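The sequence shown: position 33 = 33 (this note's numbering), numbered continuously.
Worth flagging that the hints you see were computed from the coordinates, not collected in a lab.
Note that this is a predicted model, so its numbers are computed, not measured.
Treat the hints with care, since some could be wrong.
[Unchecked claim] Only pairs whose alpha carbons sit at most 20 Å apart, straight line, appear in this in silico DMTMM-like list of lysine to aspartate or glutamate:
id: 1; residue 1: Lys-126; residue 2: Glu-66
id: 2; residue 1: Lys-110; residue 2: Glu-97
id: 3; residue 1: Lys-110; residue 2: Asp-96
id: 4; residue 1: Lys-126; residue 2: Asp-96
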Amino acid sequence: MSGADNASESLRGLRILLVEDDPLICLDLETSLEEFGAIVTAVTNVAAAFAALAIAMPDIAVLDFELGLETSESIAEVVQARNVPFVFLSGHSEHDERFSRWPGIRVLAKPLSAARVAREIEGILKAR
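Go ahead and model the full structure; you've got the sequences and the hints to work with.
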């Protein structure tokens, strides 16, 4: 069984909040995660993420760290307060200083595949 097949089974029905400001990356991840069986709410900025969170809490959040002139840290604070696991996506290494206030939170460096994101989500959820 391939990694994608395993991800397909592990993500089936999982509600994911995806926050990514690059439209091509967002569309690719959204489509792929849905193909793996997830229910994805994809947004491109902090305001839209807060609007989505007001409607329903996800099972996990996938947050691009830098969203134009803002960061997704305020979203991370909200989901963390609600005990929702999350992962950051970034063009920077997980060892970059900007992540120092987020110990223990996975940072996935771009570029990356949707299969890798799916495996990370699976690992985070299994570890809970």
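Checklist entry - Which numbered hints are broken by the structure, listed smallest first? => result Of the numbered hints, 1 and 4 do not hold.
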